[in-house]
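2 protein chains.
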Amino acid sequence: MPNIKGNAVIGQSGGPTCVINESLVGAILESAKYEEIGHMYGARHGLEGLLTSDLIDLTAETPETLERVARTPSAALGSVRKKATEEDCKELIDVFKAHDIRYFFYIGGNDTAETAHIVDELARGEDYDFRVCHIPKTIDNDLRETDHCPGYGSAARFVALALMGDNLDNAALKGVKIDVIMGRHAGFLTGASALARQAETDGPHLIYLPEVAFDEERFIDDVAACLDDIGRCVIAVSEGISRPDGSPVFTSGEKDSHGNIQLSGTGALGDYLSNLVKDKVSAASRVRADTLGYMQRCFPGIRSEVDAAEARAAGAFAVKSMVEGDLSSGTVCIRRTEFSGRYGSELFMTDLDKVAKYTKEMPAEFISETGNDVTAAFLDYVRPLADDLPVIGRLGQGA
Amino acid sequence: MPNIKGNAVIGQSGGPTCVINESLVGAILESAKYEEIGHMYGARHGLEGLLTSDLIDLTAETPETLERVARTPSAALGSVRKKATEEDCKELIDVFKAHDIRYFFYIGGNDTAETAHIVDELARGEDYDFRVCHIPKTIDNDLRETDHCPGYGSAARFVALALMGDNLDNAALKGVKIDVIMGRHAGFLTGASALARQAETDGPHLIYLPEVAFDEERFIDDVAACLDDIGRCVIAVSEGISRPDGSPVFTSGEKDSHGNIQLSGTGALGDYLSNLVKDKVSAASRVRADTLGYMQRCFPGIRSEVDAAEARAAGAFAVKSMVEGDLSSGTVCIRRTEFSGRYGSELFMTDLDKVAKYTKEMPAEFISETGNDVTAAFLDYVRPLADDLPVIGRLGQGA
Numbered sequence: 002m003p004n005i006k007g008n009a010v011i012g013q014s015g016g017p018t019c020v021i022n023e024s025l026v027g028a029i030l031e032s033a034k035y036e037e038i039g040h041m042y043g044a045r046h047g048l049e050g051l052l053t054s055d056l057i058d059l060t061a062e063t064p065e066t067l068e069r070v071a072r073t074p075s076a077a078l079g080s081v082r083k084k085a086t087e088e089d090c091k092e093l094i095d096v097f098k099a100h101d102i103r104y105f106f107y108i109g110g111n112d113t114a115e116t117a118h119i120v121d122e123l124a125r126g127e128d129y130d131f132r133v134c135h136i137p138k139t140i141d142n143d144l145r146e147t148d149h150c151p152g153y154g155s156a157a158r159f160v161a162l163a164l165m166g167d168n169l170d171n172a173a174l175k176g177v178k179i180d181v182i183m184g185r186h187a188g189f190l191t192g193a194s195a196l197a198r199q200a201e202t203d204g205p206h207l208i209y210l211p212e213v214a215f216d217e218e219r220f221i222d223d224v225a226a227c228l229d230d231i232g233r234c235v236i237a238v239s240e241g242i243s244r245p246d247g248s249p250v251f252t253s254g255e256k257d258s259h260g261n262i263q264l265s266g267t268g269a270l271g272d273y274l275s276n277l278v279k280d281k282v283s284a285a286s287r288v289r290a291d292t293l294g295y296m297q298r299c300f301p302g303i304r305s306e307v308d309a310a311e312a313r314a315a316g317a318f319a320v321k322s323m324v325e326g327d328l329s330s331g332t333v334c335i336r337r338t339e340f341s342g343r344y345g346s347e348l349f350m351t352d353l354d355k356v357a358k359y360t361k362e363m364p365a366e367f368i369s370e371t372g373n374d375v376t377a378a379f380l381d382y383v384r385p386l387a388d389d390l391p392v393i394g395r396l397g398q399g400a
Numbered sequence: 002m003p004n005i006k007g008n009a010v011i012g013q014s015g016g017p018t019c020v021i022n023e024s025l026v027g028a029i030l031e032s033a034k035y036e037e038i039g040h041m042y043g044a045r046h047g048l049e050g051l052l053t054s055d056l057i058d059l060t061a062e063t064p065e066t067l068e069r070v071a072r073t074p075s076a077a078l079g080s081v082r083k084k085a086t087e088e089d090c091k092e093l094i095d096v097f098k099a100h101d102i103r104y105f106f107y108i109g110g111n112d113t114a115e116t117a118h119i120v121d122e123l124a125r126g127e128d129y130d131f132r133v134c135h136i137p138k139t140i141d142n143d144l145r146e147t148d149h150c151p152g153y154g155s156a157a158r159f160v161a162l163a164l165m166g167d168n169l170d171n172a173a174l175k176g177v178k179i180d181v182i183m184g185r186h187a188g189f190l191t192g193a194s195a196l197a198r199q200a201e202t203d204g205p206h207l208i209y210l211p212e213v214a215f216d217e218e219r220f221i222d223d224v225a226a227c228l229d230d231i232g233r234c235v236i237a238v239s240e241g242i243s244r245p246d247g248s249p250v251f252t253s254g255e256k257d258s259h260g261n262i263q264l265s266g267t268g269a270l271g272d273y274l275s276n277l278v279k280d281k282v283s284a285a286s287r288v289r290a291d292t293l294g295y296m297q298r299c300f301p302g303i304r305s306e307v308d309a310a311e312a313r314a315a316g317a318f319a320v321k322s323m324v325e326g327d328l329s330s331g332t333v334c335i336r337r338t339e340f341s342g343r344y345g346s347e348l349f350m351t352d353l354d355k356v357a358k359y360t361k362e363m364p365a366e367f368i369s370e371t372g373n374d375v376t377a378a379f380l381d382y383v384r385p386l387a388d389d390l391p392v393i394g395r396l397g398q399g400a
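Residue numbers (this note's numbering), protein chains in the order written: chain A, 2 to 400; chain B, 2 to 400.
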C-alpha cells in the first residue's frame, strides 16, 4: 500500500487520564518525522471540534510546551462524550477533504474506537483515501485484545496510594471505612487497591468487584467477621457493583449519549453501603465512606512512569504504523513481555472492530474464590503497571 | 527552674495528617540528645494507651525506621478521639509515676491541647513535678496564637493539586463540578483550592467557606452566572458551610466525645448541592460532586516539604523547650518571618490555655467581599506553606 501525503488530525475522547496527553505528544512528535504528514491538527473536544472545524495547528507548538503538556493530566485538547451518527461521519469526511486530512488519530476507550471504526467504514465507502488509528486510553482497563490500557497504571497507582493512606488512617482511628472506586464494568481499578497491602493486617480487607454479584447479606457477614478478627475494616468497592439480577446497586439514573449510566460524581453508593453497615453490623462504629471520584483519573503528579512511557510510545506507534505500515486502520495494543522476570512490553496493531464497542472484564483467575478479594496472579499482573510504591514505616516492629 | 530527670512519653491524638509523624520523629531524635530523658515511650492511641500502659520504647527504634516513619502519613502510634475526664487524668498521674514519666508530649489539635491542659493542672494540684507540651497538628489550621499549623500546608497542597486536576478535567468535559473539602469551622483548607488557578478561566470559580453564611439562592445565582460566563463551573465548598441561622447545611447527626458532629466520611453534602444545581440552574448539565474525604490528610507522597520541615522542627522544639526552658508546660507556635521577600518561620512557646478548646476562623481580610472567594492576601499567606506546584501545560496559547 503506497504512503499517502496530506495533513493529520488528532483528537481526545471520553474520560481523561493522567497520561492521555503523553499519547498526544507522542503522536505529535512522531508526526514531525514524516514528510508524508504536513500539518498535525488538534481537534478541540474530539468529534465536536472535528465537526465544527475547531482545529489548532499542533505543528506550531514548541518542544517545551509539548513536554509540559505531556506531564499535565486531563485532555489538553478537550474531550467529548458524543456518539458519532452516520450523518456526523459523512460531515467528517467533508471536513477531512476541506483540510486535506489523510490521517485521523483518535485517543480514547471502546466508544472512541467505535467512532473511529464507523468513520473508517464510511470513508472507505466514499472511496476517500485516508487512514484512521485508535490510540487506547482508559483507567478502567476494559479494552479487549490489549494486555492493558494506557492510563490504567497511573490510576491504579492513585488507588493503591489512596488505600495505603486510608488503611493507615483507619489503623490510627479504628472503624469501618468504605472506599468507592471507579470502574463501570471491570474491576481492574478496584482490584489495584490490593497493592496497598504491605503487612498482614493491612487493608483493604475486603474487595468487591463488578464481576461478582453483590450479595448484601454476604457483605454484612464479611464486615462483621473482619471486625471480629482485627477490630477494623477497610473496604474497596467498585462503583459498578451489581445485584444478582444484574441491576446496579446504586445509580442516579442519568445516562450519556452512549447509554452509559452515571455512576461517578456522587457519594450515594458509599453512603448507601455505610448506612447498611451502621444498621446491620452491631459491632460497627465510626463507619465512613469516601468516593475517590475524579481524582483517580486527573491528579497532577500521581502517575506511573511505566504507564506514561507506554502511553507516549502508543501515540508514536500509531503514527508510525499508519504512515509506514500496510494497514489503512487499526488500534494500538500492548503485549506484555518478560525478560529474566523483569516486566517489559511491546506494541502491535489490531483491527478496530475487535475493540470497538466491546468491554473486557477481569478474568476468573484474577478473582479470589471467596469473591471478595483478588488473587496473587492479579497482583503480579498489576504491580509493574503501577510502578514502585513507597514503603510504609512502622514503629514497634522490633529490630 | 531546675531540670528534671526521668522518662518521657509521647502520643498522637485527633485526625491524622501527612506530617504528624515528622513531629513524632523530631521529638524522638531530640530527646536522645538529653541525659535528662531516659526512655522516650510512645503511647498507642494517645490517651487510650496512656491509661492502659500500652507503651512502646521508642528509644529502641533505628534511625532508618524513624526516617521511614517520618515520611509515612497518618499517626504511627495510633490516634484517639477521647476527651479526658478528671478521673482519667488522675489515673494518668498514677501511670506517669509508675513509669517515672516526667515529660509528656501530646501531638494534636485544640481538643488535644485541652487534654494536655487538664493533665497539667491536675499534676500541679497533685504536686507531681513534670512537664507537658502540646505539639500542634491540624489540617484545618484552626489553632489560635500560631501563624499556621503543621499538617495544614500538606493538606493545602493536596487540595490545590486535586482542584488543579479537577479544573482540567472539567475544562475537558464541561459541566458543573462541586468539590467538598474538609474544615469544620475554618475555611483555610477550602480556600487553598484557589492555589489551583494558573490562568484566567481556571477554577475553582466559586469558593464557599464556613465563615460566610451559605445562602442557597445566592449559590444558585452564582453558578448560573459562571455558566453563562465561561460555560462551566468548578466549585470548592467547605464541609462546614452553615445556613444563616448557624445550622450546618448537611450533617449525619453523629457526634464524637468532644461533641463534634460528623461532617466527613459521607457524600451527602455534595449530593445535596448537586441536586440543588440540577433542579434550579436550567443551564446546568453534567453536574457532579466529589467529596475529597480522608485522602486530604493521609495521601502518601503528597506533602509540602516546607510543612514537613516545620512539623519536624516543632517536635524537636517541644522537647528542647521542656528540658532546657523555664516553662513547666506550653504549646508550640509558629511565627512567620520574611527575609528579602522569601518565606521563613521560627518557633515559640505559649500557654496551653490560650490554645486549648478554642478555634480560629479565617480573618475577614482573607475572604472576598463577594463572600464566594478568597483574597490575594490569603493566597500570599498560603502559597509558601503548600510549596511549589506544577506548572500546567496548555496547547494553542501561541508562541
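Please note that the accuracy of each hint is not assured.
[Unchecked claim] One side only, chain A facing chain B, incomplete, derived with CB under 7 Å:
| no. | residue |
| --- | --- |
| 1 | Ala77 |
| 2 | Gly166 |
| 3 | Pro245 |
Please keep in mind that the hints were generated in silico from the structure rather than gathered at the bench. Glycine included, each C-beta is placed from N, C-alpha and C at the ideal position.
Problem - Hint numbers not upheld by this structure, sorted from lowest to highest - result: Number 3 only.
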